[in-house]
Amino acid sequence: QFCSQLLEFIKGKAAQLHPNKHRTEHIENGLDAHFFLESEAKIQGFKYGIESLTMSLQKISMLLQAESNSTSQSSGVDNALQLNSQYSEDGLRSELKAETLFSSLLREKLFSKELEVEQLQAELATAVRGNDMLKCEVQNGMEGLSCLSHKIKDLELQLLNRNEDINKLQTELEESRRELEILRDVLQKISKERDILWEEVNKHREKNMLLISKVDELKSKIETLEEDILLKEAGGFNRGLRVNRGKYSSYRCIKLTILAPFTSERSARFNVLTVLQKSVCKLSRLSQVSTYRHQETQCYIVEILMVSALINGFLTSETRYFIVSPCWKPSVEGGNSSRGGDASGRVDGLLWYKDSGRHINGEFSMAVIQANKLLEDRSQLESGPLSSFESGPVGTFVGIYDGHGGPEAAEFINDRLFNNMKTFHGAEFIPDNQGVSAEIINKAFVETEEEFLSLVKKQWLIKPQIASVGSCCLVGIICCGLLYIANAGDSRVVLGRTEKTHKEVKAVQLSSEHNASIESVREELHLLHPNDPHIVVLKHKVWRVKGVIQVSRSLGDAYLKKTEFNREPLLPKFRLPEPFHKPILQAEPAIVVHKLYPEDQFLIFASDGLWEYISNQEAVDLVHSCPRNGIARKLVKAALHEAARKREMRYTDLKKIDRGVRRHFHDDITVIVLFLDSHLISRSPSHGPMLSIRGGSGQFSLVSRDFLTLHDSLWAVGIDVDGNLQEMVENTKMSSSTIRL
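For the sequence shown, the UniProt record's numbering begins at 1 and goes up steadily by one.
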């Protein structure tokens, strides 16, 4: 029974080998031949071993069956043979045990062989999977190879096109070389012609110099003849000449103020200017001939009693007084007062600067750099009376006027704003209140705006483009220990304040800017114009009001304040497509009143051209760490260095760029630094150095505080540093009154 079970087990295992054989037939084509043959040989060996084992087991079972039959047949034999049979049965049992042990050994071998077969099957399956993966990789490689072949063809075509382009470029290069050779020959000829022309220019220049000298001689002769004619017609002109000697001999001046009585109509004033200019020349000649004249200062004071004078082509015999007096005191620094000197400021190319000076409340420094073809910045510093009332307050007035579209508006503000403020203060002066008020400053701004708009209206048909001219306006006034800041536009004033705890100077911005790039300004514009969705437009990454201007407050810019100026003949780029019912820009300034403390060291007033390149703290640190003398010029140069760095160029190369073109690199820049003397501010001085400076103009006047008493109707005419006459007072009626010069 055991043998039959063992046979059935072996037959089952043999049956399991047949499916493996069929499986090997399916994968025979995809595997390696050597591996397949080796595996087949192992399987056949296992098969033969199993078959031999099966045969041996069958033989054993037959022997066992025969033995059992023989034992059953010999059961009737005599007892003599039983002992022998028992021995043989014991032997058979021992043999059966041996066969059992042998079968267990064979079973173990069969189990080990089964394990080997399973391992071979696993290896075979792994090999099949690897073969499939290799097939996929081979297929992918073939596809990639086909793509690469297409790309190679495209590259070959591109290479051919590139070669054609190179050939064309080489041909063009050869042609350019030939043209360059031709141009070199032409350039040599031109250089020779230039040298010849330059020699001719030098010859003509020499001739021109000779002609100019002759013309000057002729002019002097003509002037002498005209003077002689006027002297003869005036009759006895030099009889009443009297010179006040010594009183003004120590004064230094570069221009004269002429105060001349005149009783004719206002319409004749322009004709009188020419006569007055000639009269100055006559006085000079006569003083040299008959009286003492200070040869160093060229300064004198003269009273002339005229019996008759030639005015506008007719003779008048009424008595006239011509008073010529110095209008400048010596500068505080004792420097030269001539043009380009320290008193009037110096000029270095496009840079104008006044390195140092004194005002009522301390010291100051000024500088202006020009970038536009016409300088659009204007500035002024006034130290002295802040009211037209004689006993009104005194203080320091600073104005920064950053023009745009042209210099006309800034120039107008420079002439009118301070005078308007003095006029309003004088009209509303109260003895108990010696200070300045925000209301007066605001009225001065509004009045100046109305005056300029009136001027635009008068010149609209003649010069319509003046309607597109405007100016930012920053004003600072120091009076009675208070600092008044009024700003309309994007100029800025920064205070340098000492921090006792950290022993450093901190920057404090005192002015608020009105530029559309600031979010709060855009919100203000939307609140003022809620029905206009295009009140602020982002144009070329820059916020602009109505897409044309960056500032939201200014003086001027009539085309954005009154619809009557936003039409032809104004240029189309300034005209808005739709009408507006209220002014788009405002002229009213934002006014701040700041009490000055001993910790407040200095103030930096500057147009936006400076703040574009220098931060508030950088400017304050520079002023704090450098000497006061020339500090405004240092700030301007620091901004120019930064502008050159941003353009990746050298400062020396930037300096070589002329005005107009320079505007592409930086804007006009104006800087005024006021140093604050806490002792002077706390005392609220009623007098001090009186001065009036116009930044960049080359005109600098230190006004004398002497008094001249004049009678009758007067014309006041000033001679500027260029020798031109300027009207200063228009037909002022006086009777035994006093004028402060």
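A few of these clues could be false.
[Claimed, not checked] No farther apart than 27 Å at their CA atoms in a straight line, the calculated lysine-lysine pairs in the BS3-like style are these: (1) Lys443 with Lys595; (2) Lys637 with Lys500; (3) Lys373 with Lys637; (4) Lys151 with Lys135; (5) Lys59 with Lys109; (6) Lys573 with Lys458; (7) Lys573 with Lys595; (8) Lys97 with Lys109; (9) Lys458 with Lys422; (10) Lys443 with Lys582; (11) Lys373 with Lys506; (12) Lys47 with Lys59; (13) Lys595 with Lys422; (14) Lys646 with Lys541; (15) Lys582 with Lys595; (16) Lys506 with Lys595; (17) Lys646 with Lys656; (18) Lys656 with Lys373; (19) Lys457 with Lys443; (20) Lys192 with Lys214.
If you are wondering where the hints come from, they were derived from the structure by calculation, not from laboratory data. The structure displayed is predicted, hence computed values, not measured ones.
Hint consistency between Lys47 and Lys59 [alpha-carbon to alpha-carbon, up to 27 Å]: holds, 19 Å
Restraint check for Lys443 with Lys582, where alpha carbons must lie at most 27 Å apart: holds, 20 Å
Hint consistency between Lys458 and Lys422 [alpha-carbon to alpha-carbon, up to 27 Å]: Answer holds: Lys458 to Lys422 is near 26 Å, not above 27 Å.
Hint consistency between Lys373 and Lys506 [alpha-carbon to alpha-carbon, up to 27 Å]: At roughly 37 Å apart (the allowed maximum being 27 Å), Lys506 and Lys373 break the hint.
Satisfaction of hint between Lys135 and Lys151, Cα-Cα up to 27 Å: Status holds; Cα separation ~24 Å.
Agreement of Lys373 and Lys637 with the hint, judged by alpha carbon distance not exceeding 27 Å: holds, 20 Å
Hint consistency between Lys595 and Lys422 [alpha-carbon to alpha-carbon, up to 27 Å]: With a Cα-Cα distance of about 22 Å, the restraint between Lys595 and Lys422 holds, given a limit of 27 Å.
Pair hint outcome, Lys573 versus Lys595 [Cα-Cα no greater than 27 Å]: Not satisfied, since the Cα-Cα distance of roughly 45 Å exceeds 27 Å.
Hinted pair Lys656 and Lys373, Cα distance within 27 Å: holds, 15 Å
Pair hint outcome, Lys573 versus Lys458 [Cα-Cα no greater than 27 Å]: Roughly 22 Å between the alpha carbons, so the hint for Lys573 and Lys458 holds.
Pair hint outcome, Lys506 versus Lys595 [Cα-Cα no greater than 27 Å]: holds, 17 Å
Hinted pair Lys582 and Lys595, Cα distance within 27 Å: Violated, because 36 Å separates the two Cα atoms, which is more than 27 Å.
Hint violations for this structure: numbers 2, 7, 11, 15 and 20, all remaining hints satisfied.
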